[in-house]
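This is what each chain is made of:
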Amino acid sequence: MADILVCIKRVPDLGGEISLTPDSMSVDTSRLGHTVSPHEECAVELAIQAAKASDGEATVLSLGSADSLEQIRDALAVGCTGAVLVEAEAERFGPADVAAAIAAVVRAHEQEGRTYDLILLGNDAADTGDFQVGIRLAYALGRPVVAGVSTIEVVGDRVIARATAAEGTDIFEVDLPAVMTVMEGGVEPRYPSIPGRMKAKRVAVETVAPSISPAGPGRVRLKLPPVQPSQVQILGHGPEAASAVVDLLESLGVSR
Amino acid sequence: MTLVLVETDASGAIEVSQEALTFVRDLGSPVHALVVGDVPAGLVDQLGEYGVESMLHADGPAFTAYAAAAWAAAVVAAASTSGDEVVVAAGTPRGSEVMAHVACRLDVPMAANVVSIDGTGPLQVSRQVLGGSALEELRLDAATAVLTVAGHACEAEPSATSVSTKVEELDVPVVDADLRARVTRTEAGDPDESGALKSARVVVGAGRGAGGPDGFGDLLEMVELLGGALGVSRVVTSLGWRPHNEQVGQTGSRISPDVYIPCGISGAIQHWAGCSSAKTILAINNDADAPMVTKAHYAVIGDMHEIVPAINAELRRRRA
Ligand SMILES: Cc1cc2nc3c(=O)[nH]c(=O)nc-3n(C[C@H](O)[C@H](O)[C@H](O)COP(=O)(O)OP(=O)(O)OC[C@H]3O[C@@H](n4cnc5c(N)ncnc54)[C@H](O)[C@@H]3O)c2cc1C
Ligand SMILES: Nc1ncnc2c1ncn2[C@@H]1O[C@H](COP(=O)(O)O)[C@@H](O)[C@H]1O
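Protein sequence lines, in the order shown, are assigned to chains X and B. Just so it is clear: in the first sequence, position 115 is 115 by my numbering, and no numbers are missing. Just so it is clear: in the second sequence, position 247 is 1247 by my numbering, and no numbers are missing.
Be aware that a few hints might be false.
Only pairs whose alpha carbons sit at most 25 Å apart, straight line, appear in this in silico DSS-like list of lysine-lysine [claimed, not checked]:
(1) X:K223 with B:K1295
(2) B:K1295 with B:K1279
(3) X:K223 with B:K1279
Bear in mind the hints are in silico, worked out from the structure with no lab data behind them.
Modelling step: build the complete structure from the supplied sequences, incorporating the hints.
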């Protein structure tokens, strides 16, 4: 039996443009929906599959505002069976703070007799892209960690993970308990069904306050690249433009 | 002084490691390089051309198969041997992983995907966030600054004056715990097929506008005619129309072809993050207001299922 914890972060679902708050410290999310990184959607899927395969439980955790319940419910709707919200202002937490706060929850659950054999996270968060929370969490817990895996399989007290590398697929066999960070591409995340959503509503979400006071991310400000006015040259409409397109490709030297 | 973890392949330092060596020159302090495992022929001379004072070399049984923690132990040992207060790697999967381990072992922050050094004492950097669509100015207030350099943050360029690089064998204390997560084997049969996409001169892109798994015939013909590669949006991979190794964007490949021809792709920020380095973008879209069209250099407005075959026919006609 393997119990799995999967960590997700609520992030703005950006469309075609980004705008910042007046103090330049955050993305202006007032007109945006929210989501999680595709890497984390895959981590959730892997957690559910691995828990099912071994009659274990998949628990989802997020550190963020109460709004993060939306993303937690999404994970419950596709098959996670437990949930923890570490209620905090995520922007005041640097990656080391997030890892420390998650580690504290893991240890507290351990004291209560709930051990997570495997902890899955995304390889990098969609917004801050720090590439480190999973590795810091592993160090805080004294566990082995592999970054950037695309699939996992729990076999007895070990986990076999595959990661795409430059020259092929790297295979890791690691003793549990372990931490792994996931990259999109190895599994197709399932979509929630209506019964799934109904079930998700009935799961009690354990809400805790962070056990540490954050040192902060060290952010001075955010900057956007200067907006370039559109300089697009319309070559034409419909198939009649084909000749102009091929002229262009020839002038660019990519067609003979 | 600065330490750069240099990743290698058979031909020497990989391109992004050369970029990192170029990037750190701005700090104006002596540069050391750490190389783990085999040293390709010509690497030491190449490092000399990049002005690297000394190359520290970590080798031995702990490094025959990749373990990020063991590599990090080597980085920490190298930095303390040569007194480096800035420790850098290229923002590759391996570079990012090892540097995160290093930051944990030194108990300092790490800045991922840095594009510029804005100030020293304390070090202030700009780094890519939101998949590269925005920058964050970040203060790295610690005894050792640990960072990765974003791909294409600068162009790799040998130093004006080359030096003769000293080579030092490094003694790395690797403990059993550092080898708990280690590559046990590599399956060569399943290479990273995105390699061709990342290096293609021409990429034909396809998004939801392709319409379904059968909507790629004309696009693949165009790929063939132009000797390029196919790149797709996340909608296409998550609907299972094409494999993930063809995805371009924040969670796919970053491409930098001479010409990118996105067909039926709206140009969401996360897709743009992967294709904005293309030299010329020619968008084909039925919506003249789609961000991909307004950000492109050239566009054709209309149904891609009519336009793409017409372009293919014209290419064939001119070549006949
Ligand atoms: C954290 C995160 C990471 C992401 N990472 C990626 C990533 O790596 N890569 C990626 O691509 N996306 C990524 N996405 C998803 C991204 O936000 C968009 O949803 C996606 O890029 C849209 O794909 P699309 O352009 O194919 O589809 P749509 O946005 O639906 O656009 C389809 C376009 O095709 C046009 N069109 C339709 N029919 C035709 C026709 N017959 N002829 C011509 N034009 C036609 C439409 O006008 C429209 O412009 C990510 C999202 C998040 C939140
Ligand atoms: N606030 C958070 N709550 C839960 N998980 C998080 C949080 N921030 C980061 N993570 C996890 O850590 C991964 C890596 O984040 P980062 O190191 O910030 O790029 C993400 O993909 C998430 O799985």
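Cross-check of the supplied hints:
1. Between the alpha carbons of K223 (chain X) and K1295 (chain B) the distance comes to roughly 19 Å, so the proposed pair stays at or under 25 Å and holds.
2. For the proposed pair K1295 (chain B) and K1279 (chain B), the alpha carbon gap of about 12 Å is at most 25 Å, so the pair holds.
3. Annotation: proposed proximity of K223 (chain X) to K1279 (chain B) holds, straight-line Cα distance about 23 Å (limit 25 Å).
Hint compliance for this structure: no hint is broken.
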